[in-house]
Structure formats: C-alpha cells, structure tokens
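Asker: Sequence:
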Amino acid sequence: MTETASQEIRWGMIGCGDVAEVKSGPGFQKANGSRLVAVMRRSGYRARDYASRHGVPRWYDNATSLIHDPEVDAVYIATPPGSHRDYALDVCAAGKPAYVEKPMARNATECREMVDAFKARNIPLFVAYYRRALPRFLKVQELVADGRLGTLTQVSYRYDRPEWPDLNRQQLPWRLQAVESGGGLFFDVGSHVLDILDFVLGPLGEVEGTAANRGGAYEVEDSVAMSFRTRSGIPGAATWNFSSCCSRDCLELTGTAGQLSLAVFGNSPVRLERDGRIEEIDLPSPEHIQQPMIQSIVNTLLGRGECCSTGESAARTAAVMDRAVGRYYGSRADQFWTDPQCWPGRTGPTRQDV
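Under the UniProt record's numbering, the first residue of the sequence shown is numbered 1, with each subsequent residue one higher.
Hints listed in this document are in silico derivations from the structure and should not be mistaken for laboratory results. Warning: the hint list may mix true and false statements.
[As the list claims (entries may be wrong)] Subject to a maximum C-alpha distance of 25 Å in a straight line, what follows is the list of computed DSS-like cross-link-like pairs (lysine-lysine): (1) Lys23 - Lys96; (2) Lys23 - Lys139; (3) Lys139 - Lys30; (4) Lys96 - Lys30; (5) Lys96 - Lys119.
[To be verified] Each pair of labels, with its calculated beta carbon distance range: (6) Gln341 - Ile281: 16 to 22 Å; (7) Ala120 - Pro165: 41 to 47 Å; (8) Lys30 - Cys342: 45 to 51 Å; (9) Gly44 - Gln335: 28 to 34 Å; (10) Pro57 - Glu280: 43 to 49 Å.
For glycine and all other residues, C-beta sits at the position ideal for the given N, C-alpha and C.
Work the whole structure out from these sequences, hints included.
Answerer: Below, the structure written as structure tokens:
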C-alpha cells in the first residue's frame, strides 16, 4: 500500500449485482478507514451505472484491469461461486488480500486451493459469512460462552420454505445451477447456518447427511437432513426443505439451565428461556448487513484487530456441506457439476423432463 493508503483500505469490487446494492457495496464506503474506488462487471454499461449511482470513481468491464489497478489495495469478489476460485487466485497472484462472497466456492476442494494459495504467500483471505459480526449472533456466542444455558445438551435447526414462485425451469437462476453455485439453495442458505454453528460452538464433526430432490423442479437437491457432533461433544441435527408448503427458520440451543431459540435469517428477537422465564433480546441488523464484517476486515488489514471469518473457517463449512450432500452427487471432490446425469441422487424424471 502507498503511504496515502496506509490509513485506509481502498477496495475494488468484482461483480455489481443485487448483493452489492444494499447488503455490501455501501458498507465499503461507510466503514471507517475504507473506500470503494473501483468496480467491475462484464457489462460495462452496468458497471458504469453502478459506479455513477454509488459514487465510485472508476469502473471496468474486465477483472484483470481492476485487480491490477495500483490504487486498489484489496478486492471483494461478489460473483456467483463458480468463478470465486479463479478470481481469488488471480487476486492472490497480484499480491492483494481478497474478501470472497459466500459460499466460498463450489466445493471444499476449490476452497482448499484458495486457502493454500493465500497461505503460501502470507496474504489474508476473508469470506462473507457476515453473520459472525452481527450483534444478535455475537450475543448468542456470549450467552453460550458465559454458561447461561448450563451444559449444552442438544442443537437443532429446521428451515422450510416454498418453492420459488414463477420459477422458469428453462432458465434457472444461478443459485439452482450446480456449475455456478455448487448445488441447490442449501449452499446459499445452509452455509450461513453451518458457519454460525461453527462460530458459536466450534468446528462440526461426525457429519452424516442425506439429500434428495422431492419437488422435481430442477436437478440439484431441494431437501437436506444431517446430523453432527460439536468438538465438545454436543449432538445436533438440522434439516432444510426448499419445496415445502410453509416457511420456518428456527435454531434451538438447549442446555441444562436454559434454551436459546432464534431465526438465523431476519431480525426477530432472540428468545432466552431460563428458570421458567422468557427474555426476548432484540438486536436488529444494520441497514447494510455486511458493514460490521467489512469493518472487521478493514481493522485487521490496518493492524487493529483480527477478523473471525477467514478462508480457513469457510473451508470448514464447505467440507461439512460436501459431507452432508455427498451421496446425492456421488463425489464432491471433483468437477461433479459437469455431468448431472451421473448424480446418484437424481433418480426418476424431474418436472424439467416431463
């Protein structure tokens, strides 16, 4: 970094889609010691439009130019996961830190390549599991660490939602294309849940899972059930159903002295039940939900702290997801996304076929 930039981090952003409009992009401008100086999108018109609306001085229509811009200190990769590995390795080769959207990549193999490359050059790598920096989850971590629940005895999570309305099965969104996302909505939604469990309870082990496609609207999985055990021995179970008749989002941490119940998504209060009394803790998320994580990363790069969402922690989550759905895809270690016809879990015709 130049002397001018030594008191701030100047960011370049690859990808200017929906997530960059409110969730993340403005956070780079509003975090202390941070500035968004360049954006890139393959559509030059859209890149220029984003830059104009958000007050970003430069825009590009190719990633190489942004990565090698001498006034860019660090790069935020906000594209679908199918391109994360290649962009991240290019950023690493340029000697710059990277902040990668979640999920980190399409499988744990790609994640490991990224981690190893940045580690070999001693360059920081961060991943956008931004819930780790939100007040509600910091409070949950605090309550567990302080023993407010006693000895934890069980963890459970359930997520249900109806199939996307007006789904165009001939032109599926990237989140439902394994070549772009690594799997189904489990990888978009479930990754946040599993990462928070890693954050609050430590790494998950003894992972067993099964996945299926029961709705038949697309080729990737739409239902996942898994069990696990935390490092300290707490048993847990979780399910996700993306072809449900109803909506549900509930994480429960149960102990000998109390129980915490909360939604992982949204801003509903955290519910603490102890000694027959219920306390509701209201800690809403900020307008730009990634801003606290961005601030943590900026502080880390400026030598003022240590970010808790790294390539290493995100790679653990990727490995857990691979384990949970491995039998559906046959193997998660290779480029399984190239041949859906060979996925063992894809049995019988889907609604795309009939």
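Asker: Could you work out which of the previously given hints the structure breaks and list their numbers from low to high?
Answerer: 6
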